[in-house]
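The listed protein sequences correspond, in order, to chains A and B.
To convert, note that position 365 of the first sequence is 365 in this note's numbering; the numbers rise steadily by one, no gaps.
To convert, note that position 79 of the second sequence is 79 in this note's numbering; the numbers rise steadily by one, no gaps.
To be clear, the hints were calculated from the coordinates, so they are not data collected in a lab.
Idealized CB from N, CA, C, for every residue including glycine.
Among the hints, erroneous ones may be present.
What the hints assert, rightly or not - What the simulated footprint calls covered on chain B by chain A, stretch by stretch (three residues with Cβ under 8 Å from a Cβ of chain A suffice, anywhere in the stretch; the number is not a length):
{"hint": "1", "region": "63-70"}
{"hint": "2", "region": "134-145"}
{"hint": "3", "region": "157-169"}
{"hint": "4", "region": "180-189"}
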Amino acid sequence: MTGAEYLALARALRPEMLVVLAAFAALFADLGWWRSLPTPARMRRNAALLTLGMLGAAVAVTLGPETAERLDGALSLTPVGQALKVVVLLLAVVAAWLAAEETFTDHVGEFLAVLALATVGVLFLLSTENLLLIFVALELVSLSLYVLTAFNARSARGAEAALKYFLFGGTAAAFLLFGFSLLYGLTGSIRLPAVAEALGRQAGDPLAWVAVVLVLAGLGFKVAAAPFHFWAPDAYEGAPTAVAGFIASASKVGAFFLAARLLQAGLAGLEGSGAWGGFAPGWTAGVALLAVASMAAGNLAALRQAGLRRLLAWSAVAQAGYGLVGLVGDPEHAAPAVLYFVVTYALAVAGLFGVVAVVQGPGGGDAITRLAGLRERSPGLAWAVTVFVLSLAGIPPLSGFFGKFYLFLAAARAGQGLGYLWLVLVALGFSCVSLYYYLQVLKQVWVVDAPPAARLRLSPAATAVLLLLAALVVLTGLAPELLLGHLRP
Amino acid sequence: MAPLTMLAWTPLISFVGAAAMLLWRPESRRAPRRLALATAAAGLLAALLGARELDPGRLETLVRSPWIPSIGAEFHLAADGVSLTLAVLTGLAAVAGVLFSWNIEHRAREFFALYLTLIGAVYGVFLSVDLLLFFVFYEIAIIPKYFLIAIWGSKGREPAAMRLALYSFVGSALVLAGLVAAWAVAGGRSFDLATLAAKGFDPGVQRWAFPVVFAGFAVLAGLWPFHTWAPTGHSAAPTAASMLLAGVVMKLGAYGCLRVAMPLFPAGLDAWREFFAALAVAGIVYGALVAFTQGDFKYVIGYSSVSHMGFVLLGLMTVSITGLAGAVLQMFSHGVIAGLLFGVAGRMVYDRVHTRDLTELKERQLGRALPFAAVTFTVAGLASMGLPGFSGFVAELQVLIGAWQTFPKLAVVAGLGVVLGAVYTLRAIQWVFFSGETAGAPGRATASAGEIPVAEAVTLPEKLGTALLVAATLAIGLQPRWLLDWIVPGLSTPLFEGLRRGGGL
Chain A
1 MTGAEYLALA
11 RALRPEMLVV
21 LAAFAALFAD
31 LGWWRSLPTP
41 ARMRRNAALL
51 TLGMLGAAVA
61 VTLGPETAER
71 LDGALSLTPV
81 GQALKVVVLL
91 LAVVAAWLAA
101 EETFTDHVGE
111 FLAVLALATV
121 GVLFLLSTEN
131 LLLIFVALEL
141 VSLSLYVLTA
151 FNARSARGAE
161 AALKYFLFGG
171 TAAAFLLFGF
181 SLLYGLTGSI
191 RLPAVAEALG
201 RQAGDPLAWV
211 AVVLVLAGLG
221 FKVAAAPFHF
231 WAPDAYEGAP
241 TAVAGFIASA
251 SKVGAFFLAA
261 RLLQAGLAGL
271 EGSGAWGGFA
281 PGWTAGVALL
291 AVASMAAGNL
301 AALRQAGLRR
311 LLAWSAVAQA
321 GYGLVGLVGD
331 PEHAAPAVLY
341 FVVTYALAVA
351 GLFGVVAVVQ
361 GPGGGDAITR
371 LAGLRERSPG
381 LAWAVTVFVL
391 SLAGIPPLSG
401 FFGKFYLFLA
411 AARAGQGLGY
421 LWLVLVALGF
431 SCVSLYYYLQ
441 VLKQVWVVDA
451 PPAARLRLSP
461 AATAVLLLLA
471 ALVVLTGLAP
481 ELLLGHLRP
Chain B
1 MAPLTMLAWT
11 PLISFVGAAA
21 MLLWRPESRR
31 APRRLALATA
41 AAGLLAALLG
51 ARELDPGRLE
61 TLVRSPWIPS
71 IGAEFHLAAD
81 GVSLTLAVLT
91 GLAAVAGVLF
101 SWNIEHRARE
111 FFALYLTLIG
121 AVYGVFLSVD
131 LLLFFVFYEI
141 AIIPKYFLIA
151 IWGSKGREPA
161 AMRLALYSFV
171 GSALVLAGLV
181 AAWAVAGGRS
191 FDLATLAAKG
201 FDPGVQRWAF
211 PVVFAGFAVL
221 AGLWPFHTWA
231 PTGHSAAPTA
241 ASMLLAGVVM
251 KLGAYGCLRV
261 AMPLFPAGLD
271 AWREFFAALA
281 VAGIVYGALV
291 AFTQGDFKYV
301 IGYSSVSHMG
311 FVLLGLMTVS
321 ITGLAGAVLQ
331 MFSHGVIAGL
341 LFGVAGRMVY
351 DRVHTRDLTE
361 LKERQLGRAL
371 PFAAVTFTVA
381 GLASMGLPGF
391 SGFVAELQVL
401 IGAWQTFPKL
411 AVVAGLGVVL
421 GAVYTLRAIQ
431 WVFFSGETAG
441 APGRATASAG
451 EIPVAEAVTL
461 PEKLGTALLV
471 AATLAIGLQP
481 RWLLDWIVPG
491 LSTPLFEGLR
501 RGGGL
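Chain A with its partners taken away, still in its complex shape (with noise of 0.2 Å):
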């Protein structure tokens, strides 16, 4: 390589070199010279400095090139991926403010540190087709999130959160490894077209269809899929509630759009068919099976859930249920419509968190009652629960609607003749179950009688967070196209 190409590649990079930087800035700037300020102050100046960092990013990635092959697909850059980095920085940002809601650490610079680090992780993961880029992209963003969920050294349900997400979370990796490394062997390439394209070669070789059982098990990890999914309840719970919302949101987002690029551009020629009447072995049959155990555990589960995490947790497992849906389709229709509903799904559920970080007890607690008679406390915050809720939930016009709808139009139209109608069918049965749980938390909200308490005073970052996730999930839900527009290749 020469000097001209390493100057080409730090100009593709620009966004994550900032990311990192930020990092760095905040590191140091806390262990120097805000060290002496109280904690609360500390983290909203990290806070500060961070979003300086991260908005940097964003600009830089608009600013930059929408395409760029360099090093063998190493680094390819897609219209699609920069969009959604310009989502994953929001959606950082929002966890680093909505960290500054609460008071659980000390290290406050380390701590802003490995969330940027996350966040590089999913901006690589956003950047690359290259097999072994995105394990080590992955690895970045797993190992910092066992970090920050282990983060409140005080609370010993954080710790054991941190160590449940690690062990399954160590086993997937390892899972997904040895499918890529099956990919590798029997291809001889390990970057994506290429792995299909020698697949679609020798098709029938029976250590392909291991390579993708342990694929989909991996990534059945990372988008909390059942029966992968028993890390996100203590996850969601132990977590500090910025982390938590990050995992479901940002994390996901990267999640979701690996998952579409590895099996629809790598696995191009093993399909296989979950139609029903005409299933054949394939990634679609297991993602179709993984979309229907998530929606039936997520959705049953989350129906006897009295915590706002936990709830949020198991409907994170039936909305990824969902997601899995959207899969089945052809590329041309389901990337857009699985990456509409991902990007939709984390502003409402980073908005979903950020309200439990507002109304939460000194101890974290999160019961479902903490939000009665919210609509008095708090007359904002109750309407911006009712609007992630009810997106959450599926009802127009808000972009949870939309979101679902397009999967479910990616599926209709996948297969012959209707061959996945099923699975729309059964995600539709689900969404009514959920309806029953969404509007218990409303109960709370608007119905229940409020007990006399103080007025809840919100942080003017909160309120903003807030009102900005709120206003984007109205507003893509108004007029889809502002967003999807983005999302098609």
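Please arrange chain B on chain A, whose structure you already have, making use of the hints.
Only chain B this time, still in chain A's reference frame:
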């Protein structure tokens, strides 16, 4: 601006009214209901102004602009005689509902905001001819219903509200499944109702798609055996919400059957006609029998709605011009009459004596305490029984004539339902208003002889609402031409072409 497009403003007027209700914080307690009344009246006026210009025999486009071009969805509102009839009904029910909610003071702004949102969504459904838009309005209507019942309802409100919301959602999920399938089969390029109806789907698809979509809509129309949300929901709801639920929301379901399910899948309709006609008749008889055994005033009316909506569905299944016109007429007629009945039961009686139990009401001598309520309920009851001179008579007669030509046996059973209707209505009238102490009756009479039981007098808004609805049912009963001149041409638009070919309409 052309008066025709006034119709297109009806949803927007209501939504703007709802938003204004939330943003504006007036000092006066009376301001919210005045704003609500003004908004509802503006909607009714817009509908009536549109009616003067509309050619009921054509599906005239009111607004059409691209919305989500990638899947072929458009923002497309249009109206013909059928949608016009139902838009006017919505306006009437909305105004009457506000008048009957004049005493709402608990969280009044939120109450009227939800109420107007519901009204706006209902107008939207009646005027949409793009299936996605239609569905969006249809779903928007669900959430306000939940809160109206759960917050302002009476006994058993929370389970009733949840049940109603879940039933509605399941119904709309079935509808959505059918719509997605129809869209995909037709090539995934358009959600336009007329385009899809002209497409002519494969009979194999129609045979399963029709029952799915039809049943989905019919859940909301109270089709037996999916009707159980209706009596509980209507009874627990606050008066205005009961009036809207029975008056217009159940019509959303029936309208969806007529406007979407039947024209899209005429061959499927042929295969399933008798089955759904039998269910409709079962609903007529079952609703009437159960209404007769109820001990709760509002449940009697709730089950009577199930019975009367059975006539609408039976009329639809005849697929003859007489039966279909009768069905639409019955939608209008039942909307007005059910509004009146719930107005009396919920506002005039329950809000004053705080009981709906028939045996307790029997002792209150309401006939003497509330003579206006007694007269109103008797008039509404007579209309509901289908006495000549009221709208119920012409509507049910048309349905029965239509049914007689296609399903003679079912028509006989449905006719029995009319008789049963008279029985439970008279029973309710007698128990609530004309029993208890009577002159010269032995026993209890001595205790209360001469005393006239007191109750707060019926207020002017209630009287106005009553007058509006009674005038509507009498006008249509005496001069059904006024509506039939809209409905019959409306059924001859190209949209119903497939039905005409299939069923000899």
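Now the hints, each set against the structure:
Check result for the region 63-70 of chain B against chain A: holds, 3 residues qualifying (beta carbon to beta carbon below 8 Å, three or more required). Taking a C-beta to C-beta cut-off of 8 Å, the region 134-145 of chain B contributes 6 residues in contact with chain A, enough for the three needed, and the coverage statement holds. With a threshold of 8 Å between beta carbons, the proposed coverage of the region 157-169 of chain B by chain A holds, since 5 of its residues qualify and at least three are required. Coverage of a stretch by a chain is defined here by at least three residues with a beta carbon nearer than 8 Å to that chain's beta carbons; for the region 180-189 of chain B and chain A the count is 6, and the condition holds.
Against the hints set out earlier in the document, no violation occurs for any number.
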